[in-house]
Amino acid sequence: MKQFGSFVKKEFLHIFRDLRTMMLLLAMPVIQMILFGFAVTTEVKNSQVAVYDPSKSISTKKMTDRINSSKYFDVIRYLNNPTEIEHEFRKNKVGLAVVFDENFDQNLLHSGKAQVQLIADATDPNTATTLTNYAGAIIMDYQQDLMQRTKIPFQILPETKMLYNPQMKGAYNFVPGVLGLILMLICAMMTSIAIVREKEMGTMEILLVSPLKPIYIILAKMVPYFLLSCINLSTVLLLAVYVLDVPVAGSLFWLLVVSMLFIFVALSLGLLVSTVTQTQMAAMLVSGMIFMMPIMLLSGMIFPVENMPQALQWLSNIIPAKWYIIAVKNIMIKGSDVSSIYKEIMILGFMAAVILTVSLKNFKNRLE
Amino acid sequence: MIRFLLEKEFKQIIRNSFLPRMILLFPVMVLLVFPMAANFEIKNINLCIIDNDHSSYSNQLVQKIISSGYFRLTSITTDPKKALDAIEKDKSDIILEIPSNFEKNLVREQTARLLISANSVNGTKGGLGSAYLSGIITDFSSEIREKWIQPTVISGVPIMEIVNQNRFNTHLSYKIFMVPALMVMLLTMLCGFLPALNIVGEKEAGTMEQINVTPIPKFIFILSKLLPYWIIGFVVITIAFAVAYIVYGLSPAGSLGTIYVFAAIYILGVSGLGLVISNYSNTMQQAMFVMYFFMLILILMSGLFTPVQSMPEWAQLITTFNPLKYFMQVMRMVYLKGSGFSDLGTQFFALSCFALFFNLWAVLNYRKTL
Chain A
1 MKQFGSFVKK EFLHIFRDLR TMMLLLAMPV IQMILFGFAV TTEVKNSQVA
51 VYDPSKSIST KKMTDRINSS KYFDVIRYLN NPTEIEHEFR KNKVGLAVVF
101 DENFDQNLLH SGKAQVQLIA DATDPNTATT LTNYAGAIIM DYQQDLMQRT
151 KIPFQILPET KMLYNPQMKG AYNFVPGVLG LILMLICAMM TSIAIVREKE
201 MGTMEILLVS PLKPIYIILA KMVPYFLLSC INLSTVLLLA VYVLDVPVAG
251 SLFWLLVVSM LFIFVALSLG LLVSTVTQTQ MAAMLVSGMI FMMPIMLLSG
301 MIFPVENMPQ ALQWLSNIIP AKWYIIAVKN IMIKGSDVSS IYKEIMILGF
351 MAAVILTVSL KNFKNRLE
Chain B
1 MIRFLLEKEF KQIIRNSFLP RMILLFPVMV LLVFPMAANF EIKNINLCII
51 DNDHSSYSNQ LVQKIISSGY FRLTSITTDP KKALDAIEKD KSDIILEIPS
101 NFEKNLVREQ TARLLISANS VNGTKGGLGS AYLSGIITDF SSEIREKWIQ
151 PTVISGVPIM EIVNQNRFNT HLSYKIFMVP ALMVMLLTML CGFLPALNIV
201 GEKEAGTMEQ INVTPIPKFI FILSKLLPYW IIGFVVITIA FAVAYIVYGL
251 SPAGSLGTIY VFAAIYILGV SGLGLVISNY SNTMQQAMFV MYFFMLILIL
301 MSGLFTPVQS MPEWAQLITT FNPLKYFMQV MRMVYLKGSG FSDLGTQFFA
351 LSCFALFFNL WAVLNYRKTL
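Protein chains in written order, with our numbering: chain A, 1 to 368; chain B, 1 to 370.
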């Protein structure tokens, strides 16, 4: 135990000696959380709109005003010619073009039928759909007002309630995801060079002749990084709650338990990388680059896992961040109790055991 | 002199057991797998229906919703608790509650109400899903109206017809939207991370001192570090074009030449950024952390996954300094809209500035003393 203690101390000294890296490790999550918490959102607002209105009538003007004054749209251009729409789209200037009929008012009053075209730049399909929905709703709204006195027969009025996130804040979705991404990558990157560095520097041999069992060497390497990660966890959580206004609706205790478990998994994964790679460069490229993409894309952080093809859904199961993000969403956002995350805790625990065993086996192999 | 330096760099890359494989396989893997994963098509929304009415209208409505193709009915129940439980467990995304007397109210009082409850932890899914559902319901009510009332009765009431049209990506395919942008991400990662580790790697290995004692000018030295990644970048992007064409049948609507020109400038920019970071770092670990830190910010704030114009004002200001954003725009504009050089003036200017800025910085900042 005493030996273990001195090993931990040695690892601590390694970290403290490189103050710059340590500061970086502590500051990085803070800045990332603030940036992403505010900036990464799929809400659509302030979209730029072009209007082609050859009729120049009162009702089209009123509709344009309504579209412009909604928080979703800014009318930035009035076109003189419908061919300009294509041009505006090509220049990436506007996301939606509203085209009114010629003689809009006359058509509306006389034949009772007038047409509004909503032409969207569908390069981004979701934004396009959202924009046409919003603009359509604003126009329908105007029509309702026109018909105020006439009661529309056979009307079904759906009333929509948004559960868990009534204000539709992007942060509710992204905070758990960013939490998973940041913790996973930073933890894995920290430990991934821990062993391979000793290999490269030649100190590995000294390590191997020490009487300490491999498991303790590995654990000793993890302890300081674990503490560092816990500091990161608390700053990031504080930011989520006090700066981004994402509440911890469920039990803080269980949120911390599952987070620490996740940190442990990520640190072990880093160590595994460290035992299989030969150079620091390879270790960091694996942990920083090759891990980054799958975690961002397959963890459900941004893209819903259930949309993916079956094979990728299976693949996503091996990504620890996926289970962590589910657990955080359940506890933190939905406020479910701990029984809702038993499965996730079990899986993360199982992953920790497997990864640690494999890296231990790899580590032993080098001893022979 | 530069020839020897380049020879050295290439030998170092090729002799490395890991790098060449990564350079060739990473793009293929990313483009094969990730467009399928980065799918935000709102389809297969899991729907749970609470039908308290069991009338012919409520049945018709349910049929209409299911046949729309957007929704997958997970359960029909009369127990609100069960429905809520399904949402809690992520088994369904939206609950549609049809109250008892739905049909009676619709026929007698001419209006009926429905309640939609959406899980909006993911705002896009909840928002778009419930918007689709409301749309189907509105359609349903006008169908009934048309069946019951002769159009002449409501003439005199002005009706506006809204026609929607989607340009450039008429089938609203998310893959087409993601593939060109993923190429940018690829290029950024390979041509950004690798140079970032390069100079600092020589520092750590001690070979830097040997170079410093030679009479190589700073500019030539940096250039020798830059050129290999430039060539690697061209290889990577060419592989990416091929994969996009073979696997997704996707070829640019605009000119491939335009893309290569922009790629050339862009690679210089990100590699320059990598070299600057490498210059400032003492260890590879530091370089890696700093690079990763910037990379994550650059990627998540580029418009790759979430639209830039949705960001708050101050965040949009930050994205002005994000080269990734501009190149991402170029790729999507040229690939999908067929934009030409004249449409891309801003992007060209911005990317040239980055390339110039970072590389000048890299040259000036490089000291021949350790």
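Just so you know, not all the hints are guaranteed correct.
As the list claims (entries may be wrong) - On the chain A side, residues computed to face chain B include the following (Cβ under 10 Å):
1) 20
2) 40
3) 66
4) 126
5) 168
6) 298
7) 302
8) 315
To be verified - One side only, chain B facing chain A, incomplete, derived with CB under 7 Å:
9) 12
10) 109
11) 110
12) 111
13) 115
14) 134
15) 137
16) 141
17) 165
18) 167
19) 329
20) 332
21) 336
I should point out that these hints are in silico values taken from the structure, not numbers from a laboratory.
Here a beta-carbon is modelled for each residue, glycine too, at the ideal position from N, C-alpha and C.
A quick look at each hint next to the structure:
{"no.": "1", "hint": "20", "in the structure": "6 Å, holds"}
{"no.": "2", "hint": "40", "in the structure": "5 Å, holds"}
{"no.": "3", "hint": "66", "in the structure": "13 Å, violated"}
{"no.": "4", "hint": "126", "in the structure": "6 Å, holds"}
{"no.": "5", "hint": "168", "in the structure": "4 Å, holds"}
{"no.": "6", "hint": "298", "in the structure": "5 Å, holds"}
{"no.": "7", "hint": "302", "in the structure": "5 Å, holds"}
{"no.": "8", "hint": "315", "in the structure": "8 Å, holds"}
{"no.": "9", "hint": "12", "in the structure": "11 Å, violated"}
{"no.": "10", "hint": "109", "in the structure": "10 Å, violated"}
{"no.": "11", "hint": "110", "in the structure": "5 Å, holds"}
{"no.": "12", "hint": "111", "in the structure": "5 Å, holds"}
{"no.": "13", "hint": "115", "in the structure": "5 Å, holds"}
{"no.": "14", "hint": "134", "in the structure": "5 Å, holds"}
{"no.": "15", "hint": "137", "in the structure": "5 Å, holds"}
{"no.": "16", "hint": "141", "in the structure": "4 Å, holds"}
{"no.": "17", "hint": "165", "in the structure": "5 Å, holds"}
{"no.": "18", "hint": "167", "in the structure": "6 Å, holds"}
{"no.": "19", "hint": "329", "in the structure": "6 Å, holds"}
{"no.": "20", "hint": "332", "in the structure": "6 Å, holds"}
{"no.": "21", "hint": "336", "in the structure": "5 Å, holds"}
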